[in-house]
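Student: Spelled out from the first residue to the last, the chains are:
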Amino acid sequence: MSFLVPAFLAGLGVLLVPVIIHLTQRQRSQVTAFPSLMFLRKAPFKTTNRRRIRHPLLFFLRCAAITLLVLAFARPFFVTDRGEGTGAARDVVLLVDASASLAYEGRWTSALQSARDALAELTEGDRVAIVQFSEEAEERVALTDNLALAASGLEGLELTDRATRIDAGLQIASRILDESERANREVVLISDFQRTGWEDGGRVRLPDGVSLRTISVAESTAPNVAVAEATLQETADGRARLLVRLANMGEAAVEGLPVSLELGGRTVATIPTDVGARGAATLAFENVALPDGRTRARVTVRGDGLAVDDELRFMASADGGLEALILQASRGRAERSLFLERALAIGEAPRIRVVRRNVSQLDAAALATAKLVILNDGDLSDAGRAGRLRDWVSAGGGLFVVLGPNSNPSGWSEAGQTLLGGEAGAISDQSSRGGSRLSWLDYDHPVFEVFSTPRSGDFSESRFFRFRSFTPAAESRTVARFEGGEPALIEHTVGEGRVLVWTSSLDRFWNDLALQPVFLPFVHRVALHATGYREPDRWITTGGVLELGAIAGEDGEVSGEWVLVTPSGDRRPIERAEGPTWIEFDKAGFYEVESLEDGRTVTVAVNPSLDESDLVAVAPERVEEAVLGAGSASGEAASGVDGEEQTRQAEFWWPLILVALLVLGAESIIANRWTRRRPASRLAQSA
Amino acid sequence: MSRARIVSKTVPGTQFLDPTVLARIGNLELIARSVVEGFIAGLHGSPFLGLSLDFAAHREYMAGDDIRKIDWRLYARTDRFYIKEYEAETNANIFFALDASRSMDYGSQGITKLEYAKILAACLAYLSASQRDRVGLGVFGETLTRYVPPSVRHRRLVLAALDRTTPEPSGDLTKPLTQIAESLVRRGIAILISDLYADPKSVLNSVGALRSRGQDVIVFQILDPAEVEFPFDTSRSFEDLETGERLPITPDAMRSDYVSAMEGHVGEISKLMVERQIDHELVLTSTPLDAVLFRYLSQRARRLKGRG
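Protein sequence lines, in the order shown, are assigned to chains A and B. Using this note's numbering, read the first sequence as starting at 1 and increasing by one per residue. Using this note's numbering, read the second sequence as starting at 1 and increasing by one per residue.
Worth flagging that the hints you see were computed from the coordinates, not collected in a lab. It cannot be assumed that every hint is accurate.
[Stated by the list, open to error] Some but not every residue of chain B turned toward chain A, in silico, with C-beta under 10 Å:
no., residue
1, Arg73
2, Ser103
3, Glu227
Just so it is clear, the structure is predicted and the values come from calculations on it, not from any experiment. Ideal Cβ placement from N, Cα and C applies to all residues, glycine included.
Put together the whole structure using the sequences plus the hints.
Tutor: If you want it as structure tokens, here you go:
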């Protein structure tokens, strides 16, 4: 006989309650005031009277009724067809969490010991598989009845620096047991049950009949301070400011915590700082002199239970920022680029250096160092200059064209027209109606994306008194329009480069945009988007991958043999494949990607996911509930038949209910008769 | 074994006055008036009524008699002075001795024995005073703590003293009852209201002090139904209200012994008192008060008749 819902069998524990209360508690807990004890002889509790059950038959009937009800609710059934593998032998998957948080003091040892204990519980005929998981799960030992082999495999498990994903492990375990033909199947999940590893939990369901046993190795409290982030900001004097963010994941505040910055293996500064309980703190290392090239850098804090996040590794290098070349018309007001120039100069991530020239001074030397050219109300009627600029853009340069009053786009050369990406027309004068406004912005476009949320910038406040009518070419994309639907900002590509065309001016002459708060971020977004600027990756997270060509190649191309030198010093050949060669970085530390051909080396800093620093655990019961789902329980593994068949066979629960009711009826009758036997006082009867 | 007399619940012509309802009223005088007047109305035509107010006889005027008592109508017919004599002039002292020991502070029926005893004493005092009896009160626990000397004007004092009575430390009955006996200079009826948790012979000796001072004694032994039936089921500790002592008890196993012991105790007291011509009434706190009043009146009538 087996049970569909064996968890209900725990209800049999109710049988002990009256006995325990009877023998231990009741006398002490119940005191009745009485006028006089002169007629009550002393009867200490520890007499045979107290320990003897007064009405054994009633007690038996009550116990029998409870037992029958519990059995009925557990939905017993007889398995008549015991096919192959439905005996007592079990298939067990040991699911061991090897994520970075297991490095917290004692957890990994405890996890391994729990796994050994679980392995020791297995008997001959049982099969076991060992799965190690972090972000990914790996079947380290396939399902085997060779327990010695499994024990050996268990000792070979290694801690990783990667994040936790409990469902990844459960997915593998589910697949293994789904292929098993045995009735008794169990998953033993050993983990610290980090909440961050179960944020998206509940999507995996174990197969019917598979039970789940959870073993938590997490402590109730686990103080931990992590170096969460480091941001380099270059300043105008060629130095840099390093902003470091610390995260205190513990319940106690930390005071005077020394934070050290190490550059190229040398400690350059140490700053003590305070971090509140479950809070964050940001501190700045000022005037950091960045060495030439990419240099290994670390920010470290005093060690705690989890060492792997006490250090943030990154590659420090002078970014160099962007150089923007402003080309303006030789005639007209000289200060027409004032607002544009000032706006670009503000900001440190990245720092933008501005060079201003007349359009007539456009030559190859001027374009050599520029990443961005802003043609501010300039004229490109000269074919040579226009062609030079077009070639530069085609090679990947970014161009921002501002069609002010002096631009005269109708007279531009062919190369200039190519850069325009459309046909510019006459000036539209809106001053008679008080100016036009920007009525539509493409908030999905990178320039306007940052303004998409409420109260993040209002372009509708600007009034545009004049702008040029513009008919975009078919391949151009309009990303902003005026009230009348006329294009305000148009984007198109020329070769590898990107061109943005603004149909009004960027001073106070044709509009007042330069006076609006959105002007500065707008100009910065345009500059970054036009150049395709991307902040260099100073580090990646464990488990991340990089393409060999992207990190070591020239123009994305690599040749020859390469090796990967891990933080522990191991040298692993990088296997080249057709197409991109991806390199995976498992451990925290500095990796080196080295060319065997020319000795060229690229260093990659790898840090663990910050999620691993948050050691707050989710209740294992939540995992069990989510994985097993409603109507399933650990004991289902006891049966080899499927759920539908079990339900059909479980129909004999109702006779148990019937018998229980009969027993309760008999108990009531007997109890009533016996309780009526109580001798009544003659005094009371006569009164 | 001698049996105690039990006050009947079914006195003809009376209405049942639930003690627990009366206990919630709070004003003893109001309770007493309500009970007594209702009771009197129910007993219309009873031979026990109007004893103190009924005309008894005429006698010739003698020097020194109060001229206000001269029957002027008879003088007009006979031209002689006659003095009216009423039964009221034969009224006795009615003294209530109320046991307020802590054991009386027990109640399983919504009213404690002490509350019941106070209401009973108040009703009896009100009834007696309305019949021109002199009423007095002694409240005692370990010693006599309140004393109101008998007087026809002391009804309110008695009721007020009853109202203020609270449970007191317990002790032997002998000392306070002796004090009361010594204070009563005139013969009369002493009514002892107590649960009589003492050795029967000791109780008799104590009550004997009153009896020896020429008092007719009526004893109301007040008990709670739970003291008589002992209805407890589960094992528990019982705490003595008087001493604070606790005893672990298995009620089921002890019930029959307890009930027998209680019956024997009450029976023994009743037997000893009958032998000493002391009326003993066992009253359960579930007993309606008018039934007790009826019993009292019959006792009182018998006493006065016997004395005359």
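Student: Answer holds if the nearest beta-carbon of chain A is closer than 10 Å to that of Arg73(B); otherwise answer violated.
Tutor: This interface hint is violated because 51 Å lies over the 10 Å limit.
Student: Classify the hint on Glu227(B) as holds or violated, based on whether any CB of chain A lies nearer than 10 Å to its CB.
Tutor: 6 Å, holds
Student: Quick one, is the Ser103(B) hint okay against chain A at 10 Å, beta carbons?
Tutor: 4 Å, holds
This entry does not satisfy hint 1, going by the numbered hints stated previously; all others are met.
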